[in-house]
Structures are given as structure tokens and as C-alpha cells.
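Note that the protein sequences, when read in sequence, are chains A, B, C and D.
Under this note's numbering, think of the first position of the first sequence as 1, with each following residue one higher.
Under this note's numbering, think of the first position of the second sequence as 1, with each following residue one higher.
Under this note's numbering, think of the first position of the third sequence as 1, with each following residue one higher.
Under this note's numbering, think of the first position of the fourth sequence as 1, with each following residue one higher.
Take the hints with a grain of salt, since some may be wrong.
A pair holds if it fits inside one copy or across any two, identical chains being indistinguishable in the list.
[Said to hold, decoys possible] In silico EDC-like cross-links for lysine to aspartate or glutamate, where the CA-CA straight-line distance does not exceed 20 Å: (1) Lys112 / Glu210; (2) Lys186 / Asp160; (3) Lys248 / Asp160; (4) Lys112 / Glu267; (5) Lys53 / Asp185; (6) Lys87 / Asp282; (7) Lys112 / Asp282; (8) Lys53 / Asp199; (9) Lys186 / Glu310; (10) Lys248 / Asp199; (11) Lys87 / Asp192; (12) Lys248 / Glu306; (13) Lys87 / Glu60; (14) Lys74 / Asp88; (15) Lys186 / Glu172; (16) Lys53 / Glu65; (17) Lys248 / Glu164.
Hints listed in this document are in silico derivations from the structure and should not be mistaken for laboratory results.
Predicted model only: the values in this text are computed from it and were never measured.
4 protein chains.
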Amino acid sequence: MSSRLGQLFQISTFGESHGIGVGVIIDGMPSGIDLDIAWIQKELDRRRPGTSKWVSQRQETDTVEILSGVANGKTLGSPIALVVRNKDARSKDYESIAHLFRPGHADYCYFKKYGLTLQPGGGRSSGRETLARVAAGAVAKALLAPLNIVIQAYTLSIGDIRAEYIDPDFAETHPLRCADPEIADKMVELLDDIRQSGDSIGGIIQVAAENVPAGLGEPVFNKLDAMLAMGLMSIGAVKGVEFGAGFKAAQMRGSEHNDSITPHGFESNNSGGILGGISNGDTISIQLAIKPTPSISIPQPTINIEGNPEMMSINGRHDPCICSRICPVAEAMTAIVLADAFLLNQRQSVR
Amino acid sequence: MSSRLGQLFQISTFGESHGIGVGVIIDGMPSGIDLDIAWIQKELDRRRPGTSKWVSQRQETDTVEILSGVANGKTLGSPIALVVRNKDARSKDYESIAHLFRPGHADYCYFKKYGLTLQPGGGRSSGRETLARVAAGAVAKALLAPLNIVIQAYTLSIGDIRAEYIDPDFAETHPLRCADPEIADKMVELLDDIRQSGDSIGGIIQVAAENVPAGLGEPVFNKLDAMLAMGLMSIGAVKGVEFGAGFKAAQMRGSEHNDSITPHGFESNNSGGILGGISNGDTISIQLAIKPTPSISIPQPTINIEGNPEMMSINGRHDPCICSRICPVAEAMTAIVLADAFLLNQRQSVR
Amino acid sequence: MSSRLGQLFQISTFGESHGIGVGVIIDGMPSGIDLDIAWIQKELDRRRPGTSKWVSQRQETDTVEILSGVANGKTLGSPIALVVRNKDARSKDYESIAHLFRPGHADYCYFKKYGLTLQPGGGRSSGRETLARVAAGAVAKALLAPLNIVIQAYTLSIGDIRAEYIDPDFAETHPLRCADPEIADKMVELLDDIRQSGDSIGGIIQVAAENVPAGLGEPVFNKLDAMLAMGLMSIGAVKGVEFGAGFKAAQMRGSEHNDSITPHGFESNNSGGILGGISNGDTISIQLAIKPTPSISIPQPTINIEGNPEMMSINGRHDPCICSRICPVAEAMTAIVLADAFLLNQRQSVR
Amino acid sequence: MSSRLGQLFQISTFGESHGIGVGVIIDGMPSGIDLDIAWIQKELDRRRPGTSKWVSQRQETDTVEILSGVANGKTLGSPIALVVRNKDARSKDYESIAHLFRPGHADYCYFKKYGLTLQPGGGRSSGRETLARVAAGAVAKALLAPLNIVIQAYTLSIGDIRAEYIDPDFAETHPLRCADPEIADKMVELLDDIRQSGDSIGGIIQVAAENVPAGLGEPVFNKLDAMLAMGLMSIGAVKGVEFGAGFKAAQMRGSEHNDSITPHGFESNNSGGILGGISNGDTISIQLAIKPTPSISIPQPTINIEGNPEMMSINGRHDPCICSRICPVAEAMTAIVLADAFLLNQRQSVR
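One chain only, chain A, in its complex shape:
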């Protein structure tokens, strides 16, 4: 495996769903930056399960401990180690299905690659590892805060219910992080139906990063959009990523898609704030396709580890739609990549 990301803002995560805990080391953070534990805890709380009936009922306080790298509310320049201990890991829930590959899950591939019997809760492949991403993202946000960079993600659509209008403040208070107050009730209704039918559903989330200065990104391979695509696609549920007009650009003409440049900035933002792999100073705008969570109670055909067919039904504490809980994770990955891009760009300061 490789749970290491970043060139200068370097993160290394660890932890399995039903092990002792999960955590992260953040290395490369400059010294003297304001950082306290409440700032990190606040971000973790935004990702926490058990907060509404539309997300997993696993009960975790997800209390973070800082083991190193911070003293007196300031970073030391040394590696920052953060740990969260698992509390409510019910391995029992998995005993009856431990011999089956769950469809849509990583089980089959982990078995093929690592040659091990299946781990309870998916082990390392569980969404629980995203907790470490959010913790690291809180540190990245602390680096970006003095630059006034603000990153927010919200739910644009679930199934066929799609936002027409975006109100980020509303999204922050809504249990599904729905961006549009007009459609929020319909979205809740749909999700209630899905939950009761034992099924799950996909959606689209959007990430917006405001006030990113022009100049971040290192062509030709560490372009800002390439780095962001990698960071975001590494989130389990993400099956597609697009910037600005994205797939709509495939139907546009150059005369329509090109963002005209004026003395006061760009007249449109089809590029999503990135041109030639470098931030252009406009809002960075990203959409992510989120797949329906694969854990459903509706019976599905699969095979066991001997290769024989069986039907399986997954009961347990699962999210019927993961969009709202992916939002803080997507923000975190965006912050982590921007922090790295920002530090990488400092080399140009020698000029």
C-alpha cells in the first residue's frame, strides 16, 4: 500500500475500521503557524457518523489527540501526529459475512492482492480511513487560513433531485449538506424512501475554493488539476471528477468555452479556476460523482472465498447516501493539495 501523499505538505495515514484507531502524520508544515486542537476537532465533528438518521448509526466521538508537532498553540515545524481511537467497532456484525465478497466493495481486490482473509468492516478499505484525511485537512486549512483561502463542499444532487441554486450557508446547516433550500425537502424525502427500501443512492457534490492566488500548480505532471484529481479520486466513493464546465465542455465551442479576460478578471469561469494546470485567481470549482454506497440490505448475488455463488444481504449501520459525509473529506483533500501546491510554489520566491 501507499498511504503517503504530498511533496512538501506530506501526509501519511494509518488505521483500520476495526483496529485500535486511525490517524495521520503531517510533515512539512512550516513552524509558527497557529493551530489548536479545537480547530481540528471541529472538522472531525463535521464528518462524524451517527448525527442523523440518514447516515451510519455507528456511535463514535472521534476525539482527536495531538501527539507531536504543536506547542503553545503554534506549529513547531516538526511532524504533527494525530490519533483517534476507535470506540464502537462491532466486529460481530461482520462475522456472518466474513467469507463473502461484498459486491461493489474492495473485498475481492484486497483478497486478490494481499492474499488475506477478509478484515471486519473492510479493514483498511473502510471509509473510516477518511477520518485521517479530515484531520490532515484541518491542518492544511490552518496553513491556508492566513491567505484567506476558504474551501467548502456541498451536495449538488442526489439521484434525480438536483440543485438549481447554491446557498453555501444553508448547506452547512442541512443534514444532507443540500446546497439549494428549494429542493432540500425533496432530497430528504427521496433519501427516506431509499433508506426504507434497504437500498442506497448516488449523487454529485461540488467543492469550491475561494481566494486561491494565481500561480499554484507545477506543470506538466503536478498541474493543480492533476494533483486535485488524484487527491479527490483517492476517496473511495468518487467515480468521476470534473473542473469548471467539465463534461459539459465536450459539447461546447471554443468561442463559448474560452473565458474572456478583462482588466477586472475573467468574464466567466468555464475553466474552474485553473488554466494550463495553474490557478488563475478565480474560484476553483470541482464536481465529484459519488457512487451509491455498496452496502445494501437488498439481497445480491456474489461468491464466497472458495469461489462458489451465494446470495448476501448486508445489514449493519450504513449510509444510504454518502454525499453529505464525503463533503468534509473532499474539502480536506482539496485543502491538502492546495497546501502542497502553495509550498511548492514558494520556490519561485527566490526570483
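Starting from the structure of chain A, add chains B, C and D where the hints point.
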């Protein structure tokens, strides 16, 4: 900048549009692999400009030279250096617009980041750098060939004209690499219109990798889809990337999206051949959103390097739609990432 | 900072002398390798302070906890996180000298680089961080164990007292890890004198790695000796590293220094087991120059953080000679580098 | 193999002794730095063979070509590709010994690792690859020049003839780069004897880097001395590296070895300008053990690729002592590492 990609299959590219030449060093290739110059040249010829009226009329033979790393048709294990000299670089074409930021191009961002006057033809940001990717991709394909891994890309849509059916052999012979013989003429017609109007248009291409063994990809950050997303998004014209059902998954239910597992394999391929960031043995299937080429002769508003508004019209030798020429580049990036993932996975062979 | 080492066998360490604890994440370990906590604890015990009067009297049990990556005595392939909590961190000892740069220590440089007030016990620059290296080294040794690779370090000299003969078993039982039973008493005597005079003294340690297969090392920059030199020179007290004949080679002739090759192996080992940066199958033999520990109670001139001269005397719990405690650390770094080189060489297995 | 070095100042070298040429890509160089071809050529000329009877008689002009990354005497920020074509590669010289492993050379290890028949002149393992290092070093020196950092290497000893006094200007003009005018004639005399006897001899060189600002180096693994040790040990002939007092520190007491700090700087430089892995502002001083060149005409026992014993005598154009030609290479590696350390430290500029 950072023109270095890969952890074990490592590539480093160089070259500007109107400089001496472009090239690549491939390091980490195992010794004893069959590789000859004709194999590499063949791939470069698939990307070459000037081959039809629907692509750039720049005349380049793009003849590759191997400077190191190969002897007697076998790799030595040492770095393989490949160079292609530029022949038909008409800097004159750019003199009249050297003070203007071309809308939709990287000019503005390069100026902000590197603080330099604009380079003819976009310098390093030119699509000409993709030549080095294709050369490196040919070497990656040579590593994957004994595994029977076959990678092919083709045009799925241009504007509103979209393939219903995929015939890879037809695509290989068609000037637009159109996947569907039924719509190929309509696609040509549309492109003729676009070309004559001085405009450009976007499209979607698909990349398919067959026979990839299960087990490639290194969670949680170097997941196979994350690495592919980075490699593919680093191609200039790409604005979106999706795997399998991709953005369609956002409207699907779990019971529909999950690929059922049978003793004979998966019953569907909504995952696009990757689960939990690891290849599952099924065809890896990727769609890319290609933006309309920004160089158009229709006049557009922009600013000059002093920040004052001007109108500009870009005449020169440009591609009205870049999809067909991106295909070999997308194949190359896919091959490069798969080669790296394959070598990374060798560590598990110690078990 | 950058507390990350390794390309495939990747370690990331954290922790300050007087913080909550120190630890390491080891990523890239293949799955299915035998590993239990007792194996790791045993190595930590070999490095522990407070075990004799010739080493620091700091009392630490250094009990390791495994947070992830291991189940049922086997590695999972996922990151292995190890944590040791600090117990006996007496920050009080440092209060009276917190405004002074200790000569021979990193204080001055940390102040210049990180701009922070001095951390108690040196913070991140303390030798306590080597605990994380030893923990990671234990994991590396577990990877190398099935290959019969054995790594041992011992004290070759302290001051002018130098071993003539090497008995590794004796060294393992001797409190100073003295390699030669004949001189062990003299070494102890010298160290007693040094300790009582409030001074410290340097020495030379040797690391030997037996049964390393031919072929490890990746020229031209990740040569095995280059990687080992980096790993070993990154240990605080090391001021020189040499392989085989080392600096003696500077006075030798080629006819004398070249190791003749016979059908049964090399006739001598002036190369120290590495030729052209690649292991040749012979014992890898390395000598390290260890500087006298800078913390001495004899008064020394220095400056305070305002830049004014002061005399300082360092009282506390320090090692008069660090050689014996560097031995397990040097073994660990050797094991970590060999583990990485071994995994890197697996790519050649595709041939 | 891995011919890639550096995190921000990234170099990738290529080329075999008897191939088309050797070269390097330097990536990560900031834009707007003064750099012209004469500056690079001058450094290559300092390394060139055939300049006196005490070095290899291979006749090479070693003329460098810049393929990219520079325009109008300034760096563009894009990768800088430099190529030197081989002219005088007489593969014929090696035909008669192509089946034999040369003692002290990498032949045996390359055969074991890469499984290939031996390449003429050692192929990639030849000292000719150091040409690419010197070219990259010239670019690194261009980055360091505005900071007034000056790096020079000279010969401290050959065999038993050792400099007492160092005159860097004299060394620059002397064919052996002997540091001490008083012993220069004796050194020449010794080398004449060695050359005529068909043997070779080792020596020690010193590298001094002046005006390096305090603060370079990234603990705990990318310490400045660790990075320098790796870069320098990766040079083929180097068998030992020490900083400041180095191995002499092993016999010193703390009271003697600690460099006292005064308001005007350090009173001595036993540390060699590096404390805790970070530059302290004093001169960085490094000594390197250089082994006798293994190519000697005196007959030596070895084995052939079938494993049977044979005697061999190496005639050709070899250096009886490589010290003088290693000097520019050691300077280059020092410059490359310092350039990287300097760029890495820029991240602290955000504070």
C-alpha cells in the same frame, strides 16, 4: 515546474514548442525487455500533426532518436533517453500576438507564476510536450505487452454527435478516431463546419485497457484510479475524468450500480474495472471530457501584458477538435500509470 | 522538516523529547509477513536508556503499542503505526538553560531555521527520536528475516581504545557493546574517568550485514552505499561513514585494494560488500565515526538567544559516550535501507 | 535503476560509456535565473579527460547542447535538458575482456542484477556518467551564485603524500588539483611511478562550501549532511565521507570537539558547518575517501561469465588516480544538494 511522474516507472519530460526539441527519460524500466525504435516511432506517428485537414497543419516528421538504455533490441535497465527535434517551429506566427494573453490558454498563468514574457507557441505549455508522453508510453506498452495488456482510446463524441456503438478497429483507421462507423460521417461534417467558421469544439474520448490483472493499485492514495486520474488530468485539454458508469453513478441505486460477482467474473462493469482503488481483472474503462481547443480565429476580448483590453484573433495551424490527437496521448498516460502500478505491485511477490 | 524515508519501504517518524510520545508509520510492508509486538519490544529494549551507569539515567520503559497494520501476528499490507509514550520527561531540567544555545547541539540551527524559542530536551532534535527508528528497524528486520539477513552493530573503539578482534556475541552482552573481550575492561575504565570528569568521548562503531543477496541497490543515485550513507548519516551523532577499507583505501594501490574474484567468491572484502553501488553477496561492512555527546557538565562558552555571551554547564541525565546506544539505531537504519533496496529490486523479477 | 535525485531541484541523468551520449534533465529550477551555455561548458572542461598524462587519454571535447529550459540567457522555469554526445568510444578496447568480470568494478554486480552480457566500457557503470552530474552541477551553481555560495574541491592526499596547507587557487591550476604547493611535486612524482608500474592509487579530496546561509537541511532524514552523504557516496570512486573533524571526532572529548559559540560566530569548525543536520552558517567542510581506480594493467585473478577462473590485465586509457577528476564531480554533487536544500527551505518563508 515538475515534469517528473511515477514511482518505479519514472518519466521526466522536457521541451518547448519552439525550442530545439522535446524528449523524455524513462528510468526504472527492468532490463531484458524487447524494445526497438520502430515500436516507438509507430506510436509517435499516431500522434503526428499534419495528417489530415482536421488537425494542425504543422509539418513535423517527429523522428525519434534513442540516446541510451537500449542495446541489441533489449533494454539495459539503465535510463532510456528519447529525443525528437523540432523542425517546423514558426515563431513568426506568434510575433504579432506575443504581448497578448490568449483566452483559454495558459499564457496568463505562466506570466503570473514565472514572470516571463510569453514564449512563442506557448513554450512549455504547448501541446507539443505530449509528444514526450507518447514516446514514454511506447516504452510502457513494451513493458505491458508480454502481459497481453492492450490499451486503446477512441473518440466517443464530438459536440452533440455521440457514438452508440464501439468498433475499435474502425476507430484506428478513421481520421477522427470515431468509434462508431454509423456516425462517422456526421462527425466529419460537423468538424468541417466548425473548421470553416474559425471555431473549435469539444468531445469525449474513451480509454479501454484490456487484460489488466487484478491487484494493481496501492491504496489509499496511490489507488489505481487516483493515479490514472492524475496522469490523464495532466493532459492539457482534459477537463473531466470518470471511471465506468462515472457521473451516471450519481443517479443510480446501489442495487443497480453494484456489479454482481459470479464464479465466472463480474456480471456488469459499472466500476470500470477498479474497486477500492485496485484493478479487479475486468476491462478498465475511462471517459475523458476534452475541451474545445482555445486557439480560434474568431475575434475574442482579452488583455495585453500591461493589463489593457484588446481584441485578438488567433491565426495559425491549429486543431479544430483535438480529440483524435489526444487519443494516443491518453493511451500513453494510461500505459505509463499501469506500468508503474505493475512494478509497484511486484513487492507483493515476496510473500 | 522531512521525517520521511524510503521509496517502497516507507517510514514516517514523529515525536519530541518532552512531548506526548514518539512513533512511526511504516508503509509499504508486504502483507502476510510474521510480526508480533514482542519482536519490536525486544529491539526497543536494546536501545533503552537507564540500563547502566554509562548511559543516560532517564527512566523510560519505552513500551510500544501497535495501532494498525497487524492482525493475528501477520502484517496486513496496510500501514503499521507504532507509538511509544514518553514517561520521564523532566522539562524542569531545561528551564535554567532554555535561553542558551548548547554548543555542539542543534539549538542554534533550529532557532535560525524555525524561529522558535528552544524546546525542552531539544524537542525534535533530541536523540529520543531514534526510538522511532529502532521500532521501524524491527519491522524491517522482520521483512529480512526469511532471507536470513542478519545485521549487527558493535563498538569498535572509544577514544584511543580500539578493538583488535571482533566477537559479536560478546558485544551483544557487554554494556558498551565492546566488540573485543580483551579490551573491554580498559574501555569501561576510560569511560568511568570521562564520566567522572563531566566530559564525554567519541568512538567508532561497525555495522555488519550478513547474507545480503547480490543485486540490491539502484544506480546511479540510489546506490546501496549512497542510500546507507544517507540513512546512517541522518543519525545525530554520526560524523563519518565508510565502507569496507574506507579511508584506508586512500592509501592503497589498485593491485592491493581490488578484491580478486574466484569461483568460490571474493578473496578479500575491501569493497565492504558493495561494488558499483550494488551488493555483491559478501558481508556489507560499514564503520561510523561517532562524535562525543555535546552535553557535558564542564562549563563552556556560548551565547544566549539575544546573542550575548554566557558560560553554561549542562547537568542532567546524559550519555558520556553514545556508541553503545547508537548500535541498535545503526542496525535499524541499515535494516530499513536494505528492506527498501530489497523491495526496489523486486521489479527485476518481471524479467 | 534510479538515476533521479532531488526533491525540488530534481535531476535525471542518462547515458552509457559507449552509447550515443550522456545527459541530464534538471527540473524545478526557478525561472528568471541567469544561465548560459559557456557557464556549463566551463565546468565540463574542468572534468574533461585527456588534459594531462596523469588522467585518461580518451579524447572527448564534451561539448554540451542545451535542448530546453533556457531562452535569452535566462531560465524559463521549465526542465533544462543538456546533452553531450560521445565521440571517442573505442568499444574495440573491450572486446577481448567482454567475458570477464573486472575486479573492483561493477561488472559482476550488473551481471547478477540485470542478467545482461557486459557492456563495453562498463556501460552505465562507467565514470562517464559523472559528466551529467557536472552539467547539472553547473546549473545548481547558477542558482547558488546570487547567494555568493562558492564550492571548491581539491586533492588533500594521494597515497601517503598529504597536504599540510590548503591553497585553493593553487589547486585550481595544478593538474592533480593538489591543495598544497609544497608537496605538489612529490605528488606528481608518486603518480608517475604508479602510472609506469601499471598500478593505480587512492587519495582524499576535500570539498568546501563557503557562505552557505544557516538553516538549510530538513531533519530528521533529509538532514543536510545526510543528503550530502548520499549525493557524494553515489559517486563511483567514493568509499567514505566525513564532515568537519569526521573520524578524528571518534578520539576527541566533548570539551574539545564542541565548537564554542561567540557573538561573532563559532570559534572552531569541528562540526564541518552542520549541526543537527542544519547548516550553521560556517564553511561546510567534507572529506572523501577515493579508492584506487580498479582498471590496472597488472595481471589480476578473476572469473569469466561462466564462472571459471582467468587472469586478466586491463589495458586501455585509464586514470592512475582519479582524485583530480572527481573534484569537479564532488563540487557538482555538493551544489546539487545545496540547491535542493535551499529550495526546500523556502517553505519556511511563509512564516
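Hint by hint, here is what the structure shows:
1. Taking the shortest Cα distances, lysine 112 and glutamate 210 sit within 20 Å of each other only across copies (18 Å), while inside one copy they are farther apart (42 Å).
2. When the C-alpha separation of lysine 186 and aspartate 160 is checked against a cutoff of 20 Å, the pair qualifies only within one copy, where the shortest distance is 10 Å, while the shortest distance between copies is 31 Å.
3. In this homomeric assembly, lysine 248 and aspartate 160 come within 20 Å of each other (Cα to Cα) both inside a single copy, at 18 Å, and across copies, at 11 Å.
4. Proximity of lysine 112 to glutamate 267 under the C-alpha cut-off of 20 Å is restricted to the inter-copy arrangement: shortest distance 18 Å between copies versus 51 Å within a copy.
5. When the C-alpha separation of lysine 53 and aspartate 185 is checked against a cutoff of 20 Å, the pair qualifies only within one copy, where the shortest distance is 15 Å, while the shortest distance between copies is 53 Å.
6. In this homomeric assembly, lysine 87 and aspartate 282 never come within 20 Å of each other (Cα to Cα): the closest approach is 42 Å inside a single copy and 37 Å across copies.
7. When the C-alpha separation of lysine 112 and aspartate 282 is checked against a cutoff of 20 Å, the pair qualifies only between copies, where the shortest distance is 13 Å, while the shortest distance within a copy is 44 Å.
8. In this homomeric assembly, lysine 53 and aspartate 199 come within 20 Å of each other (Cα to Cα) only inside a single copy, at 14 Å, whereas the closest approach across copies is 51 Å.
9. For a Cα distance limit of 20 Å, the shortest separation of lysine 186 from glutamate 310 qualifies neither inside one copy, at 36 Å, nor across copies, at 48 Å.
10. Taking identical chains as interchangeable, the C-alpha atoms of lysine 248 and aspartate 199 lie at most 20 Å apart only when they sit on different chains, with a minimum of 17 Å there against 30 Å within one chain.
11. Taking the shortest Cα distances, lysine 87 and aspartate 192 never come within 20 Å of each other, neither inside one copy (28 Å) nor across copies (51 Å).
12. For the identical chains of this complex, lysine 248 and glutamate 306 are neighbours neither inside a copy (45 Å) nor across copies (33 Å), given an alpha-carbon limit of 20 Å.
13. Taking identical chains as interchangeable, the C-alpha atoms of lysine 87 and glutamate 60 lie at most 20 Å apart only when both belong to the same chain, with a minimum of 6 Å there against 28 Å between chains.
14. Taking CA atoms no more than 20 Å apart as the test, lysine 74 paired with aspartate 88 passes in neither setting, with 32 Å inside one copy and 24 Å between copies.
15. Taking the shortest alpha-carbon separations for lysine 186 and glutamate 172, only the intra-copy value of 18 Å comes in at or below 20 Å, while the best inter-copy value is 47 Å.
16. In this assembly of identical chains, lysine 53 and glutamate 65 lie within 20 Å of each other by CA distance neither inside one copy nor across copies; the values are 28 Å within and 35 Å between.
17. Proximity of lysine 248 to glutamate 164 under the C-alpha cut-off of 20 Å is found in both arrangements, the shortest distances being 16 Å within a copy and 19 Å between copies.
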